[in-house]
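Visitor: Which chain is which? The protein sequence lines are A and B, in order. Mapping to our numbering: the first sequence position 156 is 156, numbers consecutive. Mapping to our numbering: the second sequence position 48 is 48, numbers consecutive.
No lab work stands behind these hints: they were computed from the structure. No experiment lies behind these values; they were computed from the predicted model shown. Some hints could be false.
[As the list claims (entries may be wrong)] Pairwise CB distance ranges, derived in the manner of DEER restraints:
hint	chain 1	residue 1	chain 2	residue 2	range
1	A	D60	B	D159	53 to 59 Å
2	A	L208	B	D159	56 to 62 Å
3	B	R186	A	N14	42 to 48 Å
4	B	E104	A	D110	50 to 56 Å
5	B	Q141	A	Q18	40 to 46 Å
6	B	Q256	A	P11	17 to 23 Å
7	B	I217	A	R249	29 to 35 Å
8	B	G212	A	R301	54 to 60 Å
9	A	P11	B	E251	34 to 40 Å
10	A	N14	B	Q141	37 to 43 Å
11	A	D110	B	K123	46 to 52 Å
12	A	P11	B	Q213	57 to 63 Å
13	A	G291	B	Q141	42 to 48 Å
14	B	G212	A	N72	38 to 44 Å
Think of the CB as a built atom: it goes at the ideal place given N, C-alpha and C, for glycine as much as any other residue.
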Amino acid sequence: EKWAATRPKHPPTNLALQHFDATYSAQLGQMWPSVRCALLSERKYGALFNNFSQDALLEDLEAQGCRDFISNIETEVQPSDPADGDAVYQQLSALQLSPNIRCFVFPRGDISRFKPARPDQGGFLGYYLMDAASVLPCLALNVQEGHSVLDLCAAPGGKTLALLQTYSIGFLCVNDSSVSRTSRLRKVLRSYVPKQHLTNEKIRISTLDGTKWGEIERNTFDRVLVDVPCTTDRHSVLEDDNNIFSKIRTGERRRLPQLQLQLLQAAIEAACPGGEIVYSTCTLSQNQNAGVVEQAIAWARENHGIQLEVVDLRPLTHMFRNTFHFARDLHLGEMVVPHLAANFGPIFLCKLRRLT
Amino acid sequence: QPAHNNQGLDLLSIQSESDLDLSLHSLEQMGFTETQAEHVCAVFSQFRGSTGKHALSTITALFVLGLNAASMLKVFEKCPELYTVREAQLQQRINNLRKLGFVEGSLQRVVVHYPQILTVPAKKIRNRVAFLHEKCLFTMQQVTGILRDSPAIVMENIDHLEYKFQYVYFRMGVKQAEMVKSKLFRLTLDEVRNRHCFLERRGLYETPDKNGQTMIINPKLDSVLNCDEDTFLKVAKASAEEYDVFKRLVEREWQQQEQQLGSFGAD
Ligand SMILES: C[S@@+](CC[C@H](N)C(=O)[O-])C[C@H]1O[C@@H](n2cnc3c(N)ncnc32)[C@H](O)[C@@H]1O
């Protein structure tokens with residue numbers, strides 16, 4: 001073993017860490033060391049259960065010691081919860097979650113890993129491994145029977161897959177500006193979803209610049225998911241390849257909040273009045289999260305006369321508080337904060353409803 | 001040979017009656033209480049036969065060293081193999097420790113604390129000392145300190161020892177004096193790495209650059225290593241749950257790294 005430094009002096013992962021040390025220690029205070037350590041350690045996955053697969057995997061997964069964190073909330077939510085229990089319990093019934101989405105996770109503190117999914121007789125995979133917290137934006141989207149849904153930045157397709165599990169979408173528009181990533185998304189869909197669910201009447205896949213969507217299709221969709229490109233904090237501190245903190249991508253990184261704003265603006269325009277938009281990222285950065293949402297709300301009101309309401313997601317976070325660590329007291333949106341014992345996230349989500 | 005107490009003198013005279021057997025009576029004569037003597041005989045009986053004949057000379061040597069009956073009992077319990085060591089060897093090993101700087105008092109303490117040290121050939125100990133002095137550049141005084149605080153290193157695998165030293169020297173940027181103070185060699189490499197990496201990932205420890213500079217102030221090695229886990233968790237500002245999960249995670253990480261290195265080596 002050699003200890004002499006042979007690595008480049010400023011690998012992007014180091015630059016990312018330095019940047020986060022500066023911004024997040026101010027933003028998260030005392031919590032930052034704990035979050036930092038979680039970011040730098042192995043993450044936990046969730047197994048998004050594929051309802052289209054014929055394999056009898058449920059028993060198998062349960063035998064391994066994991067559980068569907070979404071359907072298991074019954075035992076977690078105690079109406080006798082002394083704090084704000086009753087009020088929240090009432091809100092829970094109001095909050096209809098997208099049905100049929102199931103996601104298995106190993107219990108808190110359990111570091112077991114999932115085996116790679118295997119194809120069933122029909123060639124479809126039994127589950128899709130993703131950050132379990134990524135399911136939350138899909139749940140929050142609250143898709144109802146017959147809805148038309150736009151997934152504006154969809155590749156590689158984890159959240160698209162989660163949305164398809166609901167079986168209730170009327171028409172789904174799947175978009176991503178990257179050609180290569182969109183072809184990955186097509187591959188994912190083909191490995192999980194039978195052809196009859198991917199017909200032109202049901203789904204449309206496009207490779208457009210999402211920021212232009214407002215010019216293409218306004219006031220159209222009941223639901224819009226806008227899962228924007230961001231600093232992908234976890235990736236940035238661990239992988240030097242394809243790292244947004246590499247020197248040559250500095251410009252791109254600085255422009256992120258602007259791009260995110262434009263994508264959210266487009267999503268707002270694409271939604272119909274009464275429609276709902278979920279904005280999500282996988283960064284802890286305030287500039288890319290609440291900052292973007294605030295600007296978009298002001299922009300919609302001032303430039304388009306669109307009134308937006310921020311939907312309270314506290315019932316959702318309350319429901320899943322035993323599975324994830326949520327940031328406290330965010331003034332806008334909700335955020336899953338990584339923690340070694342429940343190493344999911346970061347995921348930020350904020351839900352908006354178009355009143356006009 | 002110095003014999004500081006009466007017991008020792010008694011013993012020398014007993015010993016001269018060459019093939020005297022080890023009996024309860026003789027033990028009691030040496031100053032053991034009846035129960036202690038029974039205890040010693042019980043342990044001895046396992047070593048009867050060819051090896052057991054050194055038992056009396058071992059006891060003699062330890063008496064000469066100044067150990068009393070109670071501490072001797074402790075020694076036998078910790079290290080019954082001591083009975084199998086020949087008298088001449090035992091004397092040579094004790095003298096060797098004296099030469100390495102163990103003065104009266106500290107010599108007795110190390111024997112009581114870690115009697116196994118007398119089962120190790122003097123040559124092996126001298127090699128370990130040379131390694132610490134010549135390769136790791138500890139002063140001879142520091143080496144004696146290390147042997148005194150962590151005598152078990154005489155049994156430790158030398159590659160592990162070297163790796164541990166290099167880890168702390170290069171990776172943690174800590175100099176010899178601080179290593180001695182922190183009683184580094186009492187801990188296994190895994191314990192050292194766990195604590196260091198935990199702090200490092202939490203942003204509380206940084207490897208100094210070529211000039212010994214860091215952006216943050218590292219905690220002293222002493223406060224990281226020379227304490228129980230609860231105290232360490234205060235330094236790390238972490239919960240026991242986090243550290244528990246962390247240890248299991250990095251163990252798997254390191255195992256995988258080793259496997260990868262192994263498979264590269266095999267190519
Ligand atoms: C965080 S990823 C989406 C992950 C995806 N929702 C999932 O769950 O698998 C962000 C995506 O936005 C895409 N993107 C970047 N700029 C875009 C733009 N202007 N319009 C549409 N998509 C864009 C990227 O190609 C990338 O695939």
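Visitor: Compare the structure with each hint and give your call.
Guide: For each hint, the structure was consulted:
1. With their beta carbons about 43 Å apart, D60 (chain A) and D159 (chain B) fall outside the hinted range of 53 to 59 Å.
2. At roughly 60 Å, the beta-carbon separation of L208 (chain A) and D159 (chain B) lies within the given 56 to 62 Å, and the hint holds.
3. For the pair R186 (chain B) and N14 (chain A), the supplied restraint of 42 to 48 Å is violated, since their beta-carbon distance comes to about 33 Å.
4. Distance hint check: the CB atoms of E104 (chain B) and D110 (chain A) are about 55 Å apart, consistent with the given range 50 to 56 Å.
5. Taking the beta carbon of each, Q141 (chain B) and Q18 (chain A) are about 41 Å apart, inside 40 to 46 Å as hinted.
6. At about 21 Å, the beta-carbon gap between Q256 (chain B) and P11 (chain A) stays in the expected band of 17 to 23 Å.
7. For the hinted restraint 29 to 35 Å between I217 (chain B) and R249 (chain A), the CB-CB distance of approximately 32 Å keeps it satisfied.
8. Between G212 (chain B) and R301 (chain A) the Cβ separation comes to about 56 Å, which falls inside the hinted range of 54 to 60 Å.
9. Here the CB-CB span from P11 (chain A) to E251 (chain B) is close to 25 Å, at odds with the stated 34 to 40 Å.
10. Checked against the given bound of 37 to 43 Å, the beta carbons of N14 (chain A) and Q141 (chain B), roughly 40 Å apart, stay inside it.
11. In this structure, D110 (chain A) and K123 (chain B) meet the distance hint of 46 to 52 Å, their C-beta atoms being roughly 50 Å apart.
12. Evaluation of the 57 to 63 Å hint for P11 (chain A) and Q213 (chain B) yields a failure: the beta carbon distance comes to about 19 Å.
13. With their beta carbons about 60 Å apart, G291 (chain A) and Q141 (chain B) fall outside the hinted range of 42 to 48 Å.
14. Between G212 (chain B) and N72 (chain A) the Cβ separation comes to about 53 Å, which falls outside the hinted range of 38 to 44 Å.
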